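Novice: Chain by chain, the residues:
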Amino acid sequence: MTTTAEPSTSIIGEPVKRVEDASLITGAATYLDDLKLPGMTHVAILRSPYAHARIKSIDTTKAEAAPGVVGVYTGKDFEDLPALPCAWQAGGVENLVNTPRVLEIDRVTFTGAGVAAVVAESKYAAEDALELIEVDYEPLDVIVDVEDAVADDAIQLHENAPGNIVMDWSCGDAEATDKALAEAEVVVKERLVNQRLIPNPMEARGAAATYKPATGEYTVWMTSQDPHIMRLLMTAFVFGIPETKMRCIALHVGGGFGTKIFLYHEYVLMAALAKKVGRPVKWMETRRENYAATTHGRDHVAYLEVGARRDGTITALKAKTLANLGGVLSTIAPGIPTTLYGRMLSGAYRFPNIYCQVLGVYTNTGMVDAYRGAGRPEATYVVERAVDLVARELDLDPVEVRRKNFIPPDAFPYDPVGILRGLKYDTGDYEKPLDRALEIVDYEGFRREQEEARKAGRYRGIGFSTYVEICGAAPSAWIGTVGEGWGAAMWESAMIRVHLTGKVAVTIGTQPQGQGHATTVSQIVASELGIPIEDVSVEIGDTLNTPFGYGTYASRSAAVGAVAVYNSLQKIKAKARRLAAHMLEADVDDIVFEGGKAFVKGAPDNAKTIQEIAGAAALGYDLPEGEEPFLDDTTYYDPPDCTFPFGTHIAVVEIDSETGEVKLERYIAVDDVGKVINPMIVDGQIQGGIAQGVAQALWEYGAYDESGQLVSASMMDYTVPKAEFYPSFELDRTETPTDVNPLGVKGVGETGTIASTAAVVNAVMDALAPLGIRHLDMPLTPERVWRAMREAKNGGGEA
Amino acid sequence: MHVAITVNGALREADVEPRTLLVDFIRDQVGLTGTKIACDTSHCGACTVHLEDKAVKSCTVLAVQADGATVTTIEGLAQNGELHAVQEAFREKHGLQCGFCTPGMIMASVDLLAATPQPTDAEIRHALEGNLCRCTGYENIVLAVKEAAGVSQ
Chain A
1 MTTTAEPSTS
11 IIGEPVKRVE
21 DASLITGAAT
31 YLDDLKLPGM
41 THVAILRSPY
51 AHARIKSIDT
61 TKAEAAPGVV
71 GVYTGKDFED
81 LPALPCAWQA
91 GGVENLVNTP
101 RVLEIDRVTF
111 TGAGVAAVVA
121 ESKYAAEDAL
131 ELIEVDYEPL
141 DVIVDVEDAV
151 ADDAIQLHEN
161 APGNIVMDWS
171 CGDAEATDKA
181 LAEAEVVVKE
191 RLVNQRLIPN
201 PMEARGAAAT
211 YKPATGEYTV
221 WMTSQDPHIM
231 RLLMTAFVFG
241 IPETKMRCIA
251 LHVGGGFGTK
261 IFLYHEYVLM
271 AALAKKVGRP
281 VKWMETRREN
291 YAATTHGRDH
301 VAYLEVGARR
311 DGTITALKAK
321 TLANLGGVLS
331 TIAPGIPTTL
341 YGRMLSGAYR
351 FPNIYCQVLG
361 VYTNTGMVDA
371 YRGAGRPEAT
381 YVVERAVDLV
391 ARELDLDPVE
401 VRRKNFIPPD
411 AFPYDPVGIL
421 RGLKYDTGDY
431 EKPLDRALEI
441 VDYEGFRREQ
451 EEARKAGRYR
461 GIGFSTYVEI
471 CGAAPSAWIG
481 TVGEGWGAAM
491 WESAMIRVHL
501 TGKVAVTIGT
511 QPQGQGHATT
521 VSQIVASELG
531 IPIEDVSVEI
541 GDTLNTPFGY
551 GTYASRSAAV
561 GAVAVYNSLQ
571 KIKAKARRLA
581 AHMLEADVDD
591 IVFEGGKAFV
601 KGAPDNAKTI
611 QEIAGAAALG
621 YDLPEGEEPF
631 LDDTTYYDPP
641 DCTFPFGTHI
651 AVVEIDSETG
661 EVKLERYIAV
671 DDVGKVINPM
681 IVDGQIQGGI
691 AQGVAQALWE
701 YGAYDESGQL
711 VSASMMDYTV
721 PKAEFYPSFE
731 LDRTETPTDV
741 NPLGVKGVGE
751 TGTIASTAAV
761 VNAVMDALAP
771 LGIRHLDMPL
781 TPERVWRAMR
791 EAKNGGGEA
Chain D
1001 MHVAITVNGA
1011 LREADVEPRT
1021 LLVDFIRDQV
1031 GLTGTKIACD
1041 TSHCGACTVH
1051 LEDKAVKSCT
1061 VLAVQADGAT
1071 VTTIEGLAQN
1081 GELHAVQEAF
1091 REKHGLQCGF
1101 CTPGMIMASV
1111 DLLAATPQPT
1121 DAEIRHALEG
1131 NLCRCTGYEN
1141 IVLAVKEAAG
1151 VSQ
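Protein chains in written order, with the working numbering: chain A, 1 to 799; chain D, 1001 to 1153.
Don't read these hints as lab results, they were simulated from the structure.
Certain hints may be false.
What the hints assert, rightly or not - In silico lysine to aspartate or glutamate, DMTMM-like type, Cα no more than 25 Å apart, as pairs: (1) 573/A / 661/A; (2) 62/A / 1129/D; (3) 275/A / 1092/D; (4) 1146/D / 106/A; (5) 76/A / 106/A; (6) 76/A / 94/A; (7) 17/A / 1017/D; (8) 1146/D / 665/A; (9) 722/A / 1129/D; (10) 62/A / 147/A; (11) 663/A / 1092/D; (12) 62/A / 1147/D.
Stated by the list, open to error - Non-contacting residues of chain D with respect to chain A, defined by C-beta distances greater than 10 Å in every case (computed): (13) 1019; (14) 1020; (15) 1033; (16) 1065; (17) 1075; (18) 1116; (19) 1126; (20) 1134; (21) 1137.
On a predicted model such as this, the values are computed, not experimentally measured, just so you know.
All C-beta atoms in this analysis are idealised placements derived from N, C-alpha and C, irrespective of residue type, glycine included.
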């Protein structure tokens, strides 16, 4: 017999270099804009320059006559197609839904809304012809500010939404929380603005499509985090055709951060145009379009009230929140500030009373939906600022207030007073990463240095974020009963084919945008089957040949997707043992599978390798009674619970007293994301996440002027941070596996962003404490900080 | 207008509109799509190539300006099937995630190391100010450039 398989060595937990990189570092990877189809035409989209206007008429005759133009289309050409679905609404309450049309027909409600499309022989010709389309707009009154929009005298943007309210949602016990606040020894109140952000994946969005009249089949390529959902929404809710008539494909995706979860009007438009034009069509978003028409993130105003005892024990937290959702709703907009925000307001703490009311609000601004962290950064910001504000009010150490309120290790699984509707925090040991982070930063040493610095007139500060977040959307047992989510159990799929040679092809339903799924999945397959990682190929992104999957967001690809792969491999190994028992003429109960070989327990020298078993299974002429050929398997995994990563992030800052500039001196992150499959990839996710979260605290702001023009409308005016802006991040981890899944993994894609914003703001407020400055809203730009310092020094402060 | 540009060692000729950007010439006429377009405003550096051995943003150069010149793109960096040290280092140090900024980032890094063979962290971060990455937080890009600098010692 042959024993060619390598000995068993699990590579789970190893920093395996990425299998994706070979094509990415050589320019060989194909992204949407690299796609060239025979006879392909190019599409450019005319967008509204007004934030709110009636479309009186559109004249396309000049554009149609322009050189190279194939056709010009307006909303009236697509009147037969319904407005886009809003597929994830706030649970348990009425949602007053208004969504984009394929192209708007009568009215636009934000600058950037699509009103016409040119199809041309080249992208230059298409863009030229846009300027020849004449639209007669009647400008209407505009509301930009979310607080203005809910005022009594506000204009009404949508007939079906009185008061501009999308939904009025709440969680927690209002009465008990108010009672606890009334009885609290101290109550701290603050208005917290979580500003609008523009996500800026380096690859903007795009889509291409073909249509075959003979069979009625569409193929749509798109920049997507979830091609199966795109196909479902387009076939069932827009075109009204069977799934078999549409194939959706995501190629390499150049970053998403949430923005590529959603069904956008342009994706539907491409499919519809392919049919009308009778040729392939492609549209690639420009960066300016990306700013105007791709979803934004955050944009909350929260009115926080927190009650505490004088010893720092927090007794109640209440947060009424206005969530600006824009002029129309994106695909899962109402779900973000509800399911993923309100339900996470217990943070890492044992708050006995919590109440959160969220009003989703329409304004004449771009659509707001999930952006990295999606609700949890906003929740973490509220909770972590609340803890610091209590510490400040009571003149207590913010670290000690955190320790006093932490959920203790023996309280898990922990139900945060019902606000998760029965879902429980899985596992946690919150002091561990806190202690480690304090050790790294030398907390006592820093406080001594800070005292010296303050005496010298320097403003140095330290800020903490001892966050917890939720990953792995979503268990059927929860999402179904709560009535939130996609309206379905959010399991994940894995389909594994073991070829005749023992090479393994894995198709997964999750869809990476840079997270390295192929590497992570290959590590699991190689480790479980005992084969070289080079023998694994991972296939992603094409609805034609992958089982349905919900895609990649909410840090679910490891906690749900990878577990589907793992479970599938257990079934394959079980079958391999049965076949090996037959080949070795032994009882299956005596067969063990280790290191890529099956053998009778205690007799490893007489083994059948996985390659031999795969070959026998494929040839199939001598199979045990009742066994089918091949070791292949398809598995769907429905998690029993979500997972809850946690950790401590610490920011150390110094503020230039002359300019107000915040210098981020050190950044320490000690995260516990459960078991780690690839520490290199995990650290990369945390580093990238921190960079985005820090950027919210200090630099980024999606700003509209009073007329609804996006002022920060390009990379010239919106601060996408550069390498120089950051120090080197200091990372460490603790590892508390989850008991929710057999891999022990929790999820890591968003922790950095969720944790870091509050840490930096808390550090700046600590630095400014001698001036009596208690709170400033983000971004903490030099101008904002300098003005606050000047005002405080001129008599506004306590110090 | 007729242009003749040597791209990765091969002479490429085409009739282009005067307004044609070098990046569009490279991507659409030559068919090399490794060079990316990401910002419209010359801020992001995803389109960085070497023009006469110096890094330029190819969205800011007209194809006619490059007439008669030599251009190297990400596809031309590896020699005889051997990856360039900077390419190797980006993989080794996980200096990329989604990969969209990577071709430009690598081309800019090669240029940086040509000018400053042993850069400090600060010099690397400063020199790459024209190249934006939204995935990595730049940490591993800095490590990759240092790694490549060590290899080229």
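Novice: Would you pick out the hints that fail for this structure and give their numbers low to high?
Specialist: 1, 2, 3, 4, 6, 7, 10, 11, 12, 13, 14, 15, 17, 19, 20 and 21
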